[in-house]
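Chemist: Next come the chains, spelled out residue by residue.
Number of protein chains: 4
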Amino acid sequence: MNSFGRIFRLTIFGESHGPFVGITIDGVPPGIKITIEDFLEDIKRRNPYLKGTTERKEFDTPQILSGVYNNYSTGAPLTIIFANQNQNSSDYNNLNFHFRPGHADFTAYVKYKGFNDPRGGGHFSGRLTLPIVAAGVVAKKIIQPTTVLANIVEIYGKNNYDEEITKAQQEKDSLGGIIQCTVKNIVSGLGEPFFDSLESLLAHAIFSIPGIKGIEFGAGFKLASMKGSQANDLFINENGKTLTNNSGGILGGISSGNDICFRVVVKPPSSIGQVQHTYNWKNKKIEPLIITGRHDVCIALRIPVIIEAITACVLSDCLLIAKAYS
Amino acid sequence: MNSFGRIFRLTIFGESHGPFVGITIDGVPPGIKITIEDFLEDIKRRNPYLKGTTERKEFDTPQILSGVYNNYSTGAPLTIIFANQNQNSSDYNNLNFHFRPGHADFTAYVKYKGFNDPRGGGHFSGRLTLPIVAAGVVAKKIIQPTTVLANIVEIYGKNNYDEEITKAQQEKDSLGGIIQCTVKNIVSGLGEPFFDSLESLLAHAIFSIPGIKGIEFGAGFKLASMKGSQANDLFINENGKTLTNNSGGILGGISSGNDICFRVVVKPPSSIGQVQHTYNWKNKKIEPLIITGRHDVCIALRIPVIIEAITACVLSDCLLIAKAYS
Amino acid sequence: MNSFGRIFRLTIFGESHGPFVGITIDGVPPGIKITIEDFLEDIKRRNPYLKGTTERKEFDTPQILSGVYNNYSTGAPLTIIFANQNQNSSDYNNLNFHFRPGHADFTAYVKYKGFNDPRGGGHFSGRLTLPIVAAGVVAKKIIQPTTVLANIVEIYGKNNYDEEITKAQQEKDSLGGIIQCTVKNIVSGLGEPFFDSLESLLAHAIFSIPGIKGIEFGAGFKLASMKGSQANDLFINENGKTLTNNSGGILGGISSGNDICFRVVVKPPSSIGQVQHTYNWKNKKIEPLIITGRHDVCIALRIPVIIEAITACVLSDCLLIAKAYS
Amino acid sequence: MNSFGRIFRLTIFGESHGPFVGITIDGVPPGIKITIEDFLEDIKRRNPYLKGTTERKEFDTPQILSGVYNNYSTGAPLTIIFANQNQNSSDYNNLNFHFRPGHADFTAYVKYKGFNDPRGGGHFSGRLTLPIVAAGVVAKKIIQPTTVLANIVEIYGKNNYDEEITKAQQEKDSLGGIIQCTVKNIVSGLGEPFFDSLESLLAHAIFSIPGIKGIEFGAGFKLASMKGSQANDLFINENGKTLTNNSGGILGGISSGNDICFRVVVKPPSSIGQVQHTYNWKNKKIEPLIITGRHDVCIALRIPVIIEAITACVLSDCLLIAKAYS
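Protein chains in written order, with the numbering used here: chain A, 1 to 326; chain B, 327 to 652; chain C, 653 to 978; chain D, 979 to 1304.
Just so you know, these hints were derived from the structure itself, not from any lab.
Here the structure is a predicted model, which means the values were calculated and not measured.
Backbone N, C-alpha and C define an ideal beta-carbon position, used for all residues, glycine too.
Do not rely on the hints blindly, as some may be mistaken.
To give an idea of the chain D side of the interface with chain C (calculated C-beta under 7 Å), a few residues [said to hold, decoys possible]:
1. Phe998
2. Phe1037
3. Gly1092
4. Phe1102
5. Pro1123
6. Lys1162
7. Met1204
8. Asn1210
9. Gly1251
10. Lys1260
11. Pro1266
12. Leu1267
13. Thr1270
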């Protein structure tokens, strides 16, 4: 489904080149102050005018359709939409049946039997992360004083990556990267055993972001080369504080009160300016494909605020459920 | 919740030292041949009498409580339980309030306000993976001719690991490892955009397995150091077959028909025979803890069949939903 | 939640006096022809310019925000909104804290701690049934050749009720009524045992319509005075056709292939022009309340098309799930 | 699905003539005192040794498989099973393909393609209400001090019905009835607008009980013949207490704090001792059917405690969710 969450629940809709993208948030507690201004900073962070991202001048102002009255959440479903502007559909015309490698063009075509909106990736577009960022703004208010902070760890294997981005731009290529996320000031006891472990919920939500192909909590894949005597986080006080944090703040699927830490890998954007030789379903042969238009060199640059948003949404759900059992 | 899946849905229950662990599978198609014998091989694979695992002689024979009639699934909920035998509770007596590092003892205590069953980890025990393996046996029948195969890639960083295990046993320590899973003969079009991407569903299910701390699809974390021109999988025929498989068989959250490939990291077991200095909530100070009883040196040895099981369950759900829209 | 359905799933949002009311339909099969014109007839049926309903000239034209491309459903979430026009909020100004009897004013205030939008009932308004009618238009296409037809059985106890309505209008009063719904050409095998019996699903959905206070299937409450020998529907052919239909086409929660028949009671609208003496939370005493503005004398007149819509939505979900197991 | 509830969630399993029937309750708050003795009274009420019910001497003692430790709920899934004893399958041998009128035999056969367990109705048996009664015992503890009381209003149209039952027994016939349920001491603010109105949730749950064919809240079907000026419940104090209770304690889908009142109709049991002429799928003609074995003359006699149980389960879920937003 296009929904996620148990009692704080997101439902997302829209296509890249349709009139709007949007989200309905069900289960927002009443009485949370919400103004249009609250959204602007995180929306701006998603669209950095940096080297490496497209320089579209999108005026991404949210419109609130429901769920807010006199600047406070009402408790009823909160729907936010964003108009899609200045899109040039002709950029995508030559893609039909010459599906772009790495994109959802082929799989969407199969899944939806050719009825999907192919323009700009349609419903599979990264544009859909915009309403998620908006939901995150609401969720961050709910989880206070807990904070979520994500940042770039490396791009193309480098901590200092501006030069790599310039080079990739010149080569009409794109770059992958790694984002790290830390949740501070989090209570213990969130998450469920087994199917709704905190790792399960966070991973589920985060893998919904286009381009994410891996996630690791705490020491993550390094644990494969560790011994238990090294990996175990020894408790040092009554709050469950540990000397190390190899578990990433989650034990048995439940938050321990230590910082929740995880890292995700973002693949290099699939749209590149270079010629690619790939099967053309129309001509039934492998042919050169040139993807025109603007392309992000590195979407990892946009991802941190999206990771924060979806993480805050998962935590909102978990905190509300924990409160039900308090 | 202790449930997972949309129309093929698992609900798990039981504690390590309670009378039974079990699972209810709702949404099993009627008419699937199911006998007790079908379960034995996978159950045995979960309990390898290898170096590195405990040598409990558990007679883990499933009892089918419902949902099977004359050796065929009826379509009604299928419940399978396993008796817990020969458990020695006294092994765990000294753990109270001197919570074991790396385990869920502390977080379960907080979450359940001290009412959790602490014996052997209670509901958080790895013993709960036994009913998951049983559910996997049913799911593997449903997804035919699709196959799921998981195996050990490395233990403590080595492909050839028997010696490492012997050494760790002698050191009363434990080892982590990496498991790889491959799904072959899978149709394209499974999974949903955004919140129910195939990566989301698989990761959600797999992180419910105790000890898993990371997952990566296709080229995974290597994508962080790749360029788009390297990472993109070029299509080579009308079935969507690609030259490479860096995407792990999933594009835009939807299966592409190429093999689904992912790897997971299994942490070293937290129960080790060495003395650990960790906070004792009773005495309010850091004290040496000795965990008695038998311990797995490396649970990664048991994990492949569990990964296969949960993967087959996710795919069963996706295949049934895809059929609804066929 | 403000969502309903398992794989064909509705999420509703909006307030009476907010900018829009709307609905997101997830799980629509791709390839269904959908144009704005398709919606107009049912929308008009919901707003009959009859005696007994308010004569607002609302131009309720749906706007499709997503999920339709080139006049066909894409398979992605389909969002439809309706602008709220020509509303006069001042009609409702004197209602604050002098909560209207029979309305959700008091309960919404309690539930949402005073943050609910009180204008025109806010999210609890009958206006929210407009997007449900729109969803029904889509659902009716999905369930073809099955048809759903609802009509008025009686108003204020009379089959011939125009005179009663005129009288009630003059008395500034309102009237209740009964609606009957019949589903024809339905396959057998829909619904689930126990918790998702077809009666359960239909009742759940139908009680979401404001003003419905009872539902009975087949012979309904008359069964209380019947013997088994009278009530049992004897089978007469291999399709399961029965001589009588006291079960309303549902046996053991599952459709039998006979017409599904049920009746619902619609309460008289709670907004009446007469003075009502009811507690005023502001003055802390019982005081006369006069509700100004236009009021429906009998909302039962509007309800049939809404019942049809929600019934078609439930059946769409059931049919898709049945197809998953076909 | 065979599950119900959002955070207090039931999953039911079992067949009439299988080894066990049972239920898993997920989301039970930890720390609730639970002993086997707690269940006995309600279980006994479900099986009245009265005229009109079968006199099976079933020793229906619950076995707790999980979720209770030292007589307190742990917070983990609570599974309760009941052994099926002394069943005589031969009673049902002649029913194959001569499906019993009024029963789920035909619809279950269609839905499950002939793989359903037909013995005693299989999964569709009234025996499945036994685990629901057990879940109700747990739920009644959770909702304290709220109480739920259901009782028989009439059998075959009579308040004083013992004579009718004797007569029906002699005639080898069966009788329908009406049950009323009242929830006292309930807080206001439970339930959700639209799809999870309290009427929706209660009706959904109650229609899962075999034999229920109608439900009405408050004045119910009488509202069809009422005017708004009669039907409106005028508020008389600051707690929302009303002069009348035609709304059944629910306004806009949300509890008002007044008693929740509803009535349900129970059909006459479909198994009767009289000969019935009904289609035989084997012989392809209408033939006399004789159903041997013991039959309840009136299952309405057993239903009150089941209604109470399922009502308490719905309220547990609503109360926990309300607490999440408190």
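Chemist: Evaluate each hint against the coordinates.
Modeler: Hint by hint, here is what the structure shows:
no., hint, verdict
1, Phe998, "violated, 16 Å"
2, Phe1037, "violated, 24 Å"
3, Gly1092, "violated, 12 Å"
4, Phe1102, "holds, 4 Å"
5, Pro1123, "violated, 18 Å"
6, Lys1162, "violated, 18 Å"
7, Met1204, "holds, 5 Å"
8, Asn1210, "holds, 4 Å"
9, Gly1251, "violated, 9 Å"
10, Lys1260, "violated, 11 Å"
11, Pro1266, "violated, 11 Å"
12, Leu1267, "violated, 9 Å"
13, Thr1270, "violated, 15 Å"
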